[in-house]
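Enquirer: Protein chains in written order, with my numbering: chain A, 1 to 340; chain B, 1 to 363.
Don't read these hints as lab results, they were simulated from the structure.
Ideal Cβ positions, reconstructed from N, Cα and C, are used throughout, including at glycine.
Hints are supplied without guarantee of correctness; some may be wrong.
Below, a sample of chain B positions facing chain A; criterion: calculated Cβ distance under 7 Å [said to hold, decoys possible]:
no.: 1; residue: 210
no.: 2; residue: 278
no.: 3; residue: 284
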Amino acid sequence: MALLEVNDLRTHFRTDDGIVKAVDGVNFTVEKGQTLGIVGESGCGKSVTCLTIMGLNPKRTSIISGEALFKGEDLLSMSQRRLREIRGDDIAMIFQDPMTSLNPVHKIGKQLVEAVMLHRDVTKAGARARAVDLLRAVGIPRPERRFDDYPHQFSGGMRQRVMIAMALINDPDLLIADEPTTAVDVTTQAQILRLMKQLQREFGSAIVMITHDLGVVAETADDVIVMYASKVVERATVDEIFSRPRMPYTWGLLGSLPRLDADVDRLVQIAGQPPSLLTPPNGCRFHPRCPYVMNICRTEEPRLAPVPGADGHLQRCHLDEETKQREAAKLLAATLADAS
Amino acid sequence: MATTAQTTTRAGGSGASGDELLLVEDLTKHFPVTQGIIFQKQVAAVKAVDGVSFHVERGETLGVVGESGCGKSTMARCVMRLLEPTGGRIVFDGRDITKLDRSRMRPIRREMMMIFQDPYASLNPRKRVGFIVAEALEVHKLGTAAEIKRRVQELLEVVGLNPEHYNRFPHEFSGGQRQRIGVARALAVNPKLIVCDEPVSALDVSVQAQILNLLKDLQKDFGLTYIFIAHDLNVVRHISDRVMVMYLGHAVEVATREQLYAEPKHPYTGALLSAVPIPNPALGRERKVVVLEGDVPSPVNPPSACWFHPRCPRFREGHCDVETPSLYSFGDGHTAACHYPLEGWPLTAEEMARRDGARPGSQ
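Chain A on its own, in the form it takes in the complex (with noise of 0.2 Å):
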């Protein structure tokens, strides 16, 4: 059984213009000890999902269904109080904004303390052991003397560590991180990711990674799900999405990044903008920024059908396994090429 299984996963969000259809059908599992990347752009509903797995959307104004077991539990439809015993206990969330998401008017080593005590039954000079341990164990300099700070004594990198440290306190077998690097300086980025992947390896969690940034993937992941406007256009493990990637949205983020491996003159860029969630366009929705659109495209919604060939590997697109096998080829020639 996989620890997390997300299956056909709806959020629709009722606002004053209509119904936003903010994740619409997500599909996916998480492995134990496993990372799994979410990668898109701003707006794809890569954050929506993870805040309604951990069920922190606005109760008013969400519609929510579909299902999210984990360890054959359903987060969804269980009471708000088993929800609160297994969330920061068996699943813990790193938010992108180490600044807003600590209080700033307690000390850092309060808030951890608060972490363990509610999940745990140790007593205050316990929780301060294990808080300090924590400290200590994602990098923290003198964590006996820093516990004591307020969040506005720490950098942004020493804060998002302490945010890291907090996700980790109750050994959590599932840690959701939301963009964790993306405040911060390669320097620390290079910290931090090392530091989650040797947590990783330490207690066996999995890990979703919410990034945008397609070489935080690479370095993370094991699994990539890439999603667009809501709804997953491919996945795949992050070896067949670098080197065979089958939907051209997936070809356009990868040709849009500027790299140090390789010296393109001129960056793909992907025309206009993501389409609003409001009035998605009908059929495909990446078909009105499609360089390869064919009249299918504009009546006809792809299925997420597998690849042939290769295991595990789901793609939405019309465009015959021929034509992609090309284009995919011809890209990865342009950026590789250099690269060897």
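Dock chain B against the given chain A, drawing on the hints supplied.
Expert: Same frame as chain A, but now just chain B:
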């Protein structure tokens, strides 16, 4: 510090071809730290920029990289005279503009424009796009109302926006389109130099590619000169001709793009380069990362001698923390301030091991 400044100047001068648009020598900006309520006295200084020298040739792009807080934006603001430099000399287009007063500075301002990071914060939400783009033209009295309107519509078209959208407000545009408005505004007065301060950091990759392509096209069409500040080394590599790496207010390495990315000399540059995730899983797994320990030190109370020494994998006690490294030249205008520059790149496994062993317990 005096010796550094001299070598820096010399190195900066020797690399210049004589056709530079901008020459910056020993630029320094210290922000005072004061104490006291009524009688404020200065107790320390934040050395945001400390003796930076470089030049920018006509038509080229100088990339500036570094971690947040390394002084790259402060440096740019001093060059634009938006901040008063504490010391040093700025020569723009053959004129020394370091000490010019406001009225004498005004005609020069239209020759250097800026594109800002946040397309949401840098456009006045209460003004129409037409006004935002036209403002500089009106301030400098470049044309009649009809001419200005025509020029603005032309500019909107140049940056890939619909000229009909002249009367819209910024909130009606997406992030990428707003950044295009920012570009149009910078282009309005035909500047010679455009300083781009993290122009694509707030954008999605696909939109980022659109803006980067636009900036490159405009450079080709109008012969623009850019100073391009970014913390993303991929982006800087894509757009720059030469790159300057800054650390704690110092320029630690200056080189052409090819030199810098193929054979970095300063260990800090090496660490930065190796920390960039590569969007290629096979290559990424083989690669070893030089992970720097700790954070950037405070510029109020910087470390002794080489400011990078507490985090440096090549640190040698008794040398790096005692003697300030001067800018050594590696030929073709490639300079780096380091006593023990990197010999090869990428690093061999052997050298990585040596580095790991070099700093036991480096916390």
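Enquirer: Checking against the hints above, which ones are violated?
Expert: No hint contradicted; all consistent.
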